[in-house]
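Listed below are the residues making up each chain.
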Amino acid sequence: MSEHLTIYPIIVHLLTAILLLLSWMNPKVQRYISIIGSIVGIIVGGLLFSQVWTEGIQSVQLGNWKAPFGITMVADTFAVTLIVLTNIVALAVSIISTRNMVSSRLKFGYYAIFHFLIMGLSGAFITGDLFSLYVWFEVIIISSFVLLTIGGRNIQIEGAVKYFTLNMLSSIIFLTGIAMVYGVTGSLNMAELSRIIPEIENQGLVHTISLIFFIGFGVKSGVFPLYFWLPASYHTPPAAVSALFAGLLTKVGIYAMIRVFTLIFPLGEINQMILMVVAGFTIFFGGIGALVQKDIQRIFSYLIICHIGFMVGGLSLFTEVAIVGAVMYMFHDIIVKATLFLIGGVMYRIFGSTRLYDMGGLMDNYPRLSFLFAIPMFALVGVPPLSGFWPKVSLFMASYTQGEMFLLIMFIFASLITLVIIAKIWNSTFSKKPVEREKRKAFKYFEKFSFAEKAAYIVPIIILVGVTLYYSFFAEHFQVISERIGKELMNTEHYYNAVFGIKEETKL
Amino acid sequence: MNSLILNTISKTLLPLLVLFSVFVLLRGHYLPGGGFVGGLIAAIAFILHAFANGLNETKKILRIHPGFLIPIGLLIATLSAIAPMIITGEPLMTGLWYEKDIPILGKIGSALFFDAGVYFVVVGICLTIIFTISESV
Amino acid sequence: MEILLAIMTGILYAAGIYLILRRSLVKLILGIVILGNGVNLLIFLMGGLVKGRPPLIPEDASALEGIFADPVPQALILTAIVISFGLQSFAIVLIKRAYKVLKTDDIDTMNKTDDIT
Chain A
1 MSEHLTIYPI
11 IVHLLTAILL
21 LLSWMNPKVQ
31 RYISIIGSIV
41 GIIVGGLLFS
51 QVWTEGIQSV
61 QLGNWKAPFG
71 ITMVADTFAV
81 TLIVLTNIVA
91 LAVSIISTRN
101 MVSSRLKFGY
111 YAIFHFLIMG
121 LSGAFITGDL
131 FSLYVWFEVI
141 IISSFVLLTI
151 GGRNIQIEGA
161 VKYFTLNMLS
171 SIIFLTGIAM
181 VYGVTGSLNM
191 AELSRIIPEI
201 ENQGLVHTIS
211 LIFFIGFGVK
221 SGVFPLYFWL
231 PASYHTPPAA
241 VSALFAGLLT
251 KVGIYAMIRV
261 FTLIFPLGEI
271 NQMILMVVAG
281 FTIFFGGIGA
291 LVQKDIQRIF
301 SYLIICHIGF
311 MVGGLSLFTE
321 VAIVGAVMYM
331 FHDIIVKATL
341 FLIGGVMYRI
351 FGSTRLYDMG
361 GLMDNYPRLS
371 FLFAIPMFAL
381 VGVPPLSGFW
391 PKVSLFMASY
401 TQGEMFLLIM
411 FIFASLITLV
421 IIAKIWNSTF
431 SKKPVEREKR
441 KAFKYFEKFS
451 FAEKAAYIVP
461 IIILVGVTLY
471 YSFFAEHFQV
481 ISERIGKELM
491 NTEHYYNAVF
501 GIKEETKL
Chain B
1001 MNSLILNTIS
1011 KTLLPLLVLF
1021 SVFVLLRGHY
1031 LPGGGFVGGL
1041 IAAIAFILHA
1051 FANGLNETKK
1061 ILRIHPGFLI
1071 PIGLLIATLS
1081 AIAPMIITGE
1091 PLMTGLWYEK
1101 DIPILGKIGS
1111 ALFFDAGVYF
1121 VVVGICLTII
1131 FTISESV
Chain C
2001 MEILLAIMTG
2011 ILYAAGIYLI
2021 LRRSLVKLIL
2031 GIVILGNGVN
2041 LLIFLMGGLV
2051 KGRPPLIPED
2061 ASALEGIFAD
2071 PVPQALILTA
2081 IVISFGLQSF
2091 AIVLIKRAYK
2101 VLKTDDIDTM
2111 NKTDDIT
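Protein chains in written order, with our numbering: chain A, 1 to 508; chain B, 1001 to 1137; chain C, 2001 to 2117.
Simulated pairs of lysine-lysine, DSS-like, Cα-Cα distance not exceeding 27 Å:
| id | chain 1 | residue 1 | chain 2 | residue 2 |
| --- | --- | --- | --- | --- |
| 1 | B | 1059 | C | 2096 |
| 2 | A | 432 | A | 294 |
| 3 | A | 107 | C | 2100 |
| 4 | A | 162 | C | 2103 |
| 5 | B | 1060 | A | 107 |
| 6 | B | 1107 | A | 66 |
| 7 | A | 392 | A | 424 |
| 8 | B | 1059 | A | 107 |
| 9 | A | 487 | A | 503 |
| 10 | A | 444 | A | 454 |
So the derived list for chain A, only partly shown, Cβ under 8 Å to chain C, looks like this:
| id | residue |
| --- | --- |
| 11 | 135 |
| 12 | 138 |
| 13 | 154 |
| 14 | 158 |
| 15 | 232 |
| 16 | 236 |
| 17 | 293 |
| 18 | 294 |
Here are the computed distance ranges between Cβ atoms for each label pair:
| id | chain 1 | residue 1 | chain 2 | residue 2 | range |
| --- | --- | --- | --- | --- | --- |
| 19 | B | 1009 | C | 2060 | 36 to 46 Å |
| 20 | B | 1060 | C | 2006 | 45 to 55 Å |
| 21 | C | 2108 | B | 1011 | 49 to 59 Å |
| 22 | A | 269 | C | 2100 | 44 to 54 Å |
| 23 | A | 442 | C | 2104 | 26 to 36 Å |
| 24 | C | 2115 | B | 1015 | 55 to 65 Å |
Treat the hints as calculated values from the structure; they're not laboratory data. All values reported here derive from a predicted model rather than from experimental measurement. The beta-carbon is built from N, C-alpha and C at its ideal position, and this holds for glycine as well.
Make a model of the complete structure from these sequences and hints.
Following this line, the structure appears as structure tokens:
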């Protein structure tokens, strides 16, 4: 029973999706099923987390085929924490989708695809096999294509073409890497690879293969020269879908990158250098891109790219402190980015437009909402008690002690440019006088919403802001979790032992 | 398409092909075959019928929307995958086998049900794709 | 045989990338399809080629003996083919839809999503 808990997060969402498909003509029932499914997902994720926390890394061999011959599912602290956060974001998105999605979209199977996406994410987090990671990635991108195009507005289709092309390409590059790894080592089990790879004589080839993986994951996570699909597509779908993508899809690329570069191909000096330069440029171009945009969802899209740089930078330093910082930043980023896109959705309903020019006067008209919106924005900048501040301490410290001044300057640059951008958004939406303009006729403004509709828009933001506040004021909990993750990632012994069922004498 | 030969043949072929697809499904565990191929054969049977007699005739034979086959198949496959966890406490997707031989079928186990689930999913997806495309043309 | 397959893989990759760099949407999808086939061939090649020895256990034995073909690449390729079947059917529907609503096949004219408004 106890080890089976490892795969429950997948099964919960699979069963939810099947139930949703069976009731596909009935949007009302679908909403309840989805919310219940997400809540069960959080509970299962929490149980799994507590089990991993007390008993160490859990693993299960699918089909009872012993590793390395079968597919192994491994739940370590990193994966489990991400699963819990994923399920929290899923709950928020499934609540806002009840009103953000018109019922014709629900009849197209929006909710079922949504749960398949969450299933794919959970699978990608806990799989211990390289090819099965590819399959979960495909589950994720197929679902995300459908979510992106559902509704079929012109701009959505155009964004989808770009998103589709580059993500397909990245999958093909990833698969090429898998083929090479299989050719060189004859195994695809990540734990076994961690032992085979260092013993290969031709280390130059191994470096090349690791860079193929880096390009594959880099497209998915949106690092510097490969990010152009992201700002072209993330602002096109409804806010609920954007929030889901912003919070989770780029992070799964980063997760794969951290997993592969700590477990399978430990970074050498050349790769560290490449990752560092890429991280710096990602921060720079993401920040500059966000600065020139005038549409709130597009500003947030560029900010995603800018902050991806923090995680890649933390990985590139490759010390335990830096990895702890990168992982902590990832947890903070998942929650805050999802919140920001949901806020963008509410602003669209308030002003009837997502352009900054059309906004204004939020502070006077909705003082309580403004206060709510201010929290994630300041958390993003990293104002001290809030969540963005804590991971930056580790990241700055690691880059300073390593003497990597380029990266340190880029981190500071990112923080400052985020501050400038948030100040700009603050000026034009919260405190500027509202622009007099004609109201759109066939558009339901926020002020005309019924109470239930308002609740569906605001409750998810409150949930996510609550998580942000918890992170802010109990940051030591996340610090402890991240330190343990750092230990697990930098010392692959524990992962190997868990997969091959070797009893450990020393527990973490 | 209005061809008398195709019309007549397709009506006779439909049950034969469906029967053949079930045969391929059942022999799939140790010999070439299985749920995926069987599902494709069954889907082809219905598609051939649709070519010969028109979509509406085929829909009358099917009675339900092919889209409903997808969740049904998924449910069967998922339950057969979960079954070992509940019954014997072994990991997901472990094969469970009934000891005695059953006439015609041979040995049955959870793998057969998994394959049957795949069969329904493949039939459902193929027919949904083809029906949607030919409706919109 | 290995060299022939390696050259073939190279040609498929080159053709795929060339088609992706063209401006037409249809050629883009064709390029992705060809690249996908190139990857499948690469996996097959990387698993090593063994002629005429399928990994099937004979009736009178209980284990495989001697040299036999590696079954793993075949399973990987089958999975990859099924996945790319799904993705390609989606892609075809997508470009059909894109042609309908955007009224163009030229990728260069698709720049509305990057406008700064």
